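Residue strings, one per chain:
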Amino acid sequence: MTATVPRIRVWDWPVRLFHWSVAILVPLMWWTAEQGAMDWHRRLGVALLFVILFRLIWGVVGSETARFSRFLPGPSALLSYPAKLFQRPYLPSFGHNPLGALSVVALLAALSFQVGSGLFSVDVDGLESGPLASLVDFGTGRDIADIHETSFNILLALVALHLTAIAVYAIALRTNLVGPMVTGNRPRVSTDPDTSAPIVAPWGRVGLSAGLAAAIVWAVLSV
Amino acid sequence: MSIKRVLTGASIAATLVTLSACGGGGDAATDGAGSEVLSNGRTVAEQIALRQDQYEQIGGAFKTIRDELEASSPDIAKIQTAAANLPELGTGMGDWFPEGTGPESGVETEALPTIWETPEDFAQKVADFQAAAASIDTAAQSGDLAAIAAAVQPFGGTCKACHDNYRLDD
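Residue numbers (the numbering used here), protein chains in the order written: chain A, 8 to 230; chain B, 4 to 173.
So that you can see chain A by itself, here it is in the shape it has in the complex:
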């Protein structure tokens, strides 16, 4: 094939920046926790709080493929999707596929739970606590820290599933999911919307979302 394959933009840059921020921050959070570097664990946790808040807001006001209302699958889409996995060639969805959307929701929920419980956690040495730990007593803060540590395994399992799915799509379906998450683009397929309406991230909306997320982080740190 000598002709250039037409490409279509599927992910706006805030979605990609969010994704790779999380991909860097989560292993660092894990590492700092295992090392007992709770001062850095707390700092990076605040950064993670910001990016997750941003993503949740962006899921409402962001571009088409970033919106929850657009990618949350209905029952019929979910039920018909597995059959598509066996069609050749596999035709990738425009944005999250129905199963991938469930994975995204589960990952966001698990991430939010980790960050949320971390806010109230109290370290065993009493030297570092989450920014909202002053609202709970020592015993409660320790219990929340125990839950925070145990529930991390749920996030780990979801990350493992996520990476396994990426490998399966690459090997069995010949579909590269990593590239589009880097560049934002993938080769156009016949089922893609026949529109030139671009996936863009207007600066005003990015600023609004980041500003709102920053305001919530600031309020949390002020408690």
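Calculated directly from the structure, the hints in this document are not laboratory data.
Since we're looking at a predicted model, the values are computed, not measured.
Among the clues, some could well be false.
Okay, the calculated bits of chain A under chain B, using three or more residues with CB under 8 Å as the criterion [what the hints assert, rightly or not]:
1) 76-85
2) 123-132
Using 20 Å as the maximum straight-line C-alpha spacing, the simulated SDA-like pairs for lysine to any residue come out as follows [as the list claims (entries may be wrong)]:
3) B:K163 x A:D46
4) B:K163 x A:R49
5) B:K163 x A:R195
6) B:K163 x A:S110
7) B:K163 x A:G43
8) B:K81 x A:L134
9) B:K81 x A:L24
10) B:K163 x B:S75
11) B:K163 x A:D150
For every residue, glycine included, the Cβ atom is placed at its ideal position computed from N, Cα and C.
Got chain A; can you put chain B on it based on the hints?
Same frame as chain A, but now just chain B:
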């Protein structure tokens, strides 16, 4: 009490995860474990529960001090009450770990056998804690917030020094 997790091996690379999570540990105490009576008249289970409660109170008092220091207008009286409790709460800590009150007792405890394997170092760590508790109390009673803040890190450091070597890292 708490659910234990032992994560034996895991690494995330950009496109690969190797995950090996072994749940378990923290076996529930078998019935009747810890009923042996120690020379101080307490049962093993009572001794373990007593020191756990004592440590929780120490943690609570230290948390009160730290929370107040971070508050926009710290309540100095609250800090002083909490700090005055610390030396008292830590009194006799060296006797909280009689032989037979480790994990081999069958009672759930995060105390590691290393406490009884290196008793001199453990006693030194306890003494360090007691000295730091006295220092933070002195600082608190002076009413000087900067002095109290300066005593926080060394005090917490003595907690950490002991936890790192003598407490199960869950």
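Consistency of the hints with the structure:
1. Closer than 8 Å: that is the beta-carbon criterion, and the region 76-85 of chain A has 0 residues meeting it against chain B, so the requirement of 3 is violated.
2. Figure legend: the region 123-132 of chain A, annotated as covered by chain B; annotation consistent (3 residues with Cβ-Cβ distances under 8 Å, at least 3 required).
3. Simply put, B:K163 and A:D46 have alpha-carbon atoms about 13 Å apart, close enough for the 20 Å limit, and the pair holds.
4. For a cut-off of 20 Å, the pair hint linking B:K163 to A:R49 stands: about 17 Å separates their Cα positions.
5. This hinted pair does not check out: B:K163 and A:R195 have alpha carbons roughly 57 Å apart, beyond 20 Å.
6. A distance of roughly 38 Å separates the Cα atoms of B:K163 and A:S110; the hinted pair therefore is violated under the 20 Å criterion.
7. Annotation: proposed proximity of B:K163 to A:G43 holds, straight-line Cα distance about 10 Å (limit 20 Å).
8. For the suggested pair B:K81 and A:L134, the alpha carbons sit about 18 Å apart, so the restraint of at most 20 Å is met.
9. Between B:K81 and A:L24 the alpha-carbon distance is near 45 Å, which puts this suggested pair outside the 20 Å criterion.
10. At roughly 27 Å between alpha-carbon atoms, B:K163 and B:S75 are farther apart than 20 Å, so this suggested pair is violated.
11. This hinted pair checks out: B:K163 and A:D150 have alpha carbons roughly 18 Å apart, not beyond 20 Å.
In summary, the structure is inconsistent with hints 1, 5, 6, 9, 10 from the numbered list given earlier, while agreeing with the others.
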